[in-house]
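There are 2 protein chains.
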Amino acid sequence: MVKISKGTIAYELAKGQRDISIAEFFSRNRHLLGFDNPKKALLTTIKEAVDNSLDACEEADILPEIEIQAIDMGDDRFKVVIEDNGPGIVKKQVPKIFAKLLYGSKFFKLSQSRGQQGIGISASVMYGQLTTGRPAKIISKISKNDPAHYYELVIDTKKNKPDIIKDEVVEWDKNRGTRVEIDLEATYRRGKRSVDAYLKYTAVVNPHATIIYTSPNAEQIIFPRVTDKLPEKPQEIKPHPHGVELGRLIKMLNITKCRTIQSFLKGEFSSVGAGTAKKICENAALRPSRTTSRLSREQAEKLLKGIKKTKIISPPTNCISPIGEKLLKKGLKKEINAEFYCTVTRSPSVYRGNPFLVEVGIAYGGDQRADSKATLMRYANRVPLLYQKGACSITKAARETNWRSYGLSQSSGSLPKAPATILVHIASVWVPFTSESKEAVAHYPEIIKEVTLALQEAGRKLKKYVKRKKKVKAEIKKRDFIKKYIPHIGGALKELNNLDEVKEREVEKLLEEILKQDRGKLKKLGILDNPEYDEEFAKIGRKKDASAKKDK
Amino acid sequence: MVKISKGTIAYELAKGQRDISIAEFFSRNRHLLGFDNPKKALLTTIKEAVDNSLDACEEADILPEIEIQAIDMGDDRFKVVIEDNGPGIVKKQVPKIFAKLLYGSKFFKLSQSRGQQGIGISASVMYGQLTTGRPAKIISKISKNDPAHYYELVIDTKKNKPDIIKDEVVEWDKNRGTRVEIDLEATYRRGKRSVDAYLKYTAVVNPHATIIYTSPNAEQIIFPRVTDKLPEKPQEIKPHPHGVELGRLIKMLNITKCRTIQSFLKGEFSSVGAGTAKKICENAALRPSRTTSRLSREQAEKLLKGIKKTKIISPPTNCISPIGEKLLKKGLKKEINAEFYCTVTRSPSVYRGNPFLVEVGIAYGGDQRADSKATLMRYANRVPLLYQKGACSITKAARETNWRSYGLSQSSGSLPKAPATILVHIASVWVPFTSESKEAVAHYPEIIKEVTLALQEAGRKLKKYVKRKKKVKAEIKKRDFIKKYIPHIGGALKELNNLDEVKEREVEKLLEEILKQDRGKLKKLGILDNPEYDEEFAKIGRKKDASAKKDK
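Chain order of the listed sequences is A and B.
The first sequence begins at 1 in the numbering used here and counts up one residue at a time.
The second sequence begins at 1001 in the numbering used here and counts up one residue at a time.
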């Protein structure tokens, strides 16, 4: 036994040291989860529930139909109800899914989904309980033949465990689905970062979903689906060897059921066939048939070096489900009244072993204001990001793109000043957010690079339009200019040829027709855009002016 | 028993649903903890260890002496060693403190400290283990008479529990202290957000600490302490009633040992005496002698409304330990070569029931560049914040302050363009950071307001200096201007009075003397700054010029 001097300061300090429950941690750090203020709390609660509903429907191949109600109860209290037609949740999972932080299925899968942490909806329940003292009320039903289960739940924050207040079977006139009801302290305001904006933005990139929203002002807004086709279902993948670090590799080696290094590489990673596995072993100077169980730390390090040295094909891309250029354009057209639309879907790329893909859409001109900066719409896995613009790598890439070379005006380090909306969507099996509230994408260089390339690609498409528009504008200006001279030419011809007034009008009309019909042809003939002619015109004009003055 | 249709989709989905360990969560979301990239990883690891050492020393009333070594092992590997003269850690706590996330004592105390989450140092250990596969090595000793314990530790990420590799008693030539050694993947670069900058910035606001740093280039930099006085020890406080929400109030009522509402209010909160407690009960329409144990949710809500209605004095301020205007100025002077320094320490304020205090220092002029934006140094609880500038409420307040009214040039929404350094320090019992990596302060309106007021107060002090400087500049210009005329006056006087050249020089010298000695007096006499006189001077000047030309 080691002796401890009980009188030392260290012993005093040790008295206070103990476990911190994750629920206590987040209840104090609620702003990390998107509950900084009452306005945002309303948005976050609805967002977490809607994201879950959309994920569940898509996983179960169901076209989503989601009803959202936000009811103003007065006194800064709101009741939020979200009901879906999803697959429902099996009874015993309901309490944990809604009243335990860090619980779920999406964290463990490398596949694209809106939720990924197992925190969001439980955090909303916790916030509601903290601010109103009321439990969340859940109904879920998994099939026509199963009963609907009703729960009233709070979180035991000290233990991060569900506390079940009520557990009943109820009647519910639905075949399947889930209904969540949360009371919370909140405020409602319209505008850029409101619930209304979130749902509108959501509708743009989820054209397969019907969303029915009753606002706190008791207005009903319906976003009907515009396609009956569900998005391509993203497939789950294994990690790519190039994204694996030593610690993880050692852990994987410890728990694998594969006996040899070669079978381990082939079986536990994506993009590794027998040939590649052999090549890795060669580069690592390890026998492919060596058993995995006896590998030391040093040997694992050699294996990792071998992996790094070996060229390995990119991860499969069916784990990512992009919106697609066509649907993205459709979505933009639905919401933004512009003159020109262009969209770009890049091919997938990889950061830290995680496949991801960037899509960009630009809507230009039309109703949009020309005297202010372009609007940037940010999305990650089909979820709009409304807060923390400044911290997001999408914003960084958009600001640092040289929009001047695409014909837009821009002060350096800012979004372009143009009548435009720029939409950026990042889809990935794991989106690296800057905080648990999932409002901004972290600054991974690979991601910033891909977003930049996508913006540039869209920018080049836009440039053609902007250039053409500028040309047309210049042409119109020129035409107006020439038009100004027509009466003078008419007058001059009249003077020279002694025409009467009727003939003069006729000549003028003829000249106008020629101008309107085919300035191009005239140009080809060298009649227009020739400075000599312009000078001639000018002279005639002056003559006319002078004679007109004389007449008076 | 409720029947479950095993064939439903919900049942399939349920198979994947399970607990997520907080260590797994953060190992995948390591950027939340400040491990986004190898450069930052080096900084974060050293920062977490140094913050802990400073906290421990101050808690134990020890003047800190901290040695930091960062050794480049090649191949992007670094060994980091941090050794302090602190109180040490009792044996059985060592594994949990260094190899379990969310473990510690500071989370539960409402008192100002650098650490507050019980995550930082364990996260560093985890990052080291993930990237190098190596355990952290710890030595700790709590007194001369106790043995030094040596541990080699890794985190079992699946369980978030320490995995003890080695546990030995060793010889250590120190009376007490702690030594941490972590191997990690990292890169080292100098510059704005380097380890070097962090330590320099730390030295500015911790004048009582001696820091000895050996950089990866094997240079030794010593920041000696400039005061032997430890900062005032911040006291632990109870929560203030105005920061308590319903959920927390109910929980407090459930676990309190106080029998009546009145004693509960008096005993569990700060700033509540018998009178205030009575007043609250009155405003809540509850009997003060009512027992706490039988309060319903509705009654707790009434109690909260009563609390909100009652005027309660601000929380005690001895829970916060500011640097102070004098020491802050000293710190600034030590590091920045400027012409003018001013500092402001505001009185404490409250956000969500948590007392906090803002200090501002400005260093103006001197070596600093006039053609670029001012440098902003952000601090929270004496820890420099080097990353995520854009997400921080300090930055927001500094950008939105109208610096033009203090004589600096500024484009709207930017830091002023001036040869200046602006230092802002927020001290609080609980700093609301925007992420676990503690790099930016969340946008609480109360905090932004206090920072703004502090900046304005410092701005007004600065204004006086800037104005005086401008005046002096203008004065010098004017003097130079007048000086130009002196020879002409001399010449004119010579002409008028037929003086010889010697006399002319004498007159000129006399005039210069008068100008130098006392332009103020002349001004008072109405001789200078009178446009008529200026015109007269100009005329004489012209005359002189003309005659000079004639002479040629």
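These aren't lab readings, by the way, just hints derived from the structure by calculation.
For every residue, glycine included, the Cβ atom is placed at its ideal position computed from N, Cα and C.
Incorrect hints may appear among the rest.
Distance ranges between label pairs, derived from CB positions [said to hold, decoys possible]: (1) A:ASP156 with B:THR1187: 23 to 33 Å; (2) A:GLU152 with B:ASP1075: 48 to 58 Å; (3) A:GLU12 with B:SER1412: 46 to 56 Å; (4) A:ILE164 with B:SER1414: 35 to 45 Å; (5) A:GLY267 with B:GLU1298: 55 to 65 Å; (6) A:LYS463 with B:SER1314: 40 to 50 Å; (7) B:LYS1308 with A:ARG18: 28 to 38 Å; (8) A:GLY267 with B:SER1414: 53 to 63 Å; (9) A:PRO445 with B:ARG1077: 16 to 26 Å; (10) A:GLU152 with B:SER1411: 21 to 31 Å; (11) A:SER314 with B:ASP1075: 22 to 32 Å.
The hints, checked one at a time:
At about 44 Å, the CB distance of A:ASP156 to B:THR1187 disagrees with the hint of 23 to 33 Å. A beta carbon spacing of about 57 Å between A:GLU152 and B:ASP1075 agrees with the range 48 to 58 Å that was offered as a hint. Checking the proposed 46 to 56 Å range against A:GLU12 and B:SER1412 shows it holds: the Cβ atoms sit about 53 Å from each other. At about 54 Å, the beta-carbon gap between A:ILE164 and B:SER1414 misses the expected band of 35 to 45 Å.
The given range of 55 to 65 Å is respected by A:GLY267 and B:GLU1298, whose C-beta atoms sit roughly 60 Å from each other. Range check, A:LYS463 to B:SER1314: Cβ separation about 59 Å, and the 40 to 50 Å hint is violated. Distance hint for B:LYS1308 and A:ARG18: a CB-CB separation of about 32 Å, consistent with the stated range 28 to 38 Å. Range check, A:GLY267 to B:SER1414: about 55 Å between beta-carbon atoms, so the 53 to 63 Å window is met.
A hinted range of 16 to 26 Å holds for the C-beta pair A:PRO445 and B:ARG1077, which are about 21 Å apart. Between A:GLU152 and B:SER1411 the beta carbon distance is about 55 Å. The supplied range of 21 to 31 Å is therefore violated. Checked against the hint of 22 to 32 Å, the C-beta distance between A:SER314 and B:ASP1075 comes to roughly 26 Å, which is consistent with it.
When held up to the earlier numbered hints, the structure conflicts with 1, 4, 6 and 10 and fits the remainder.
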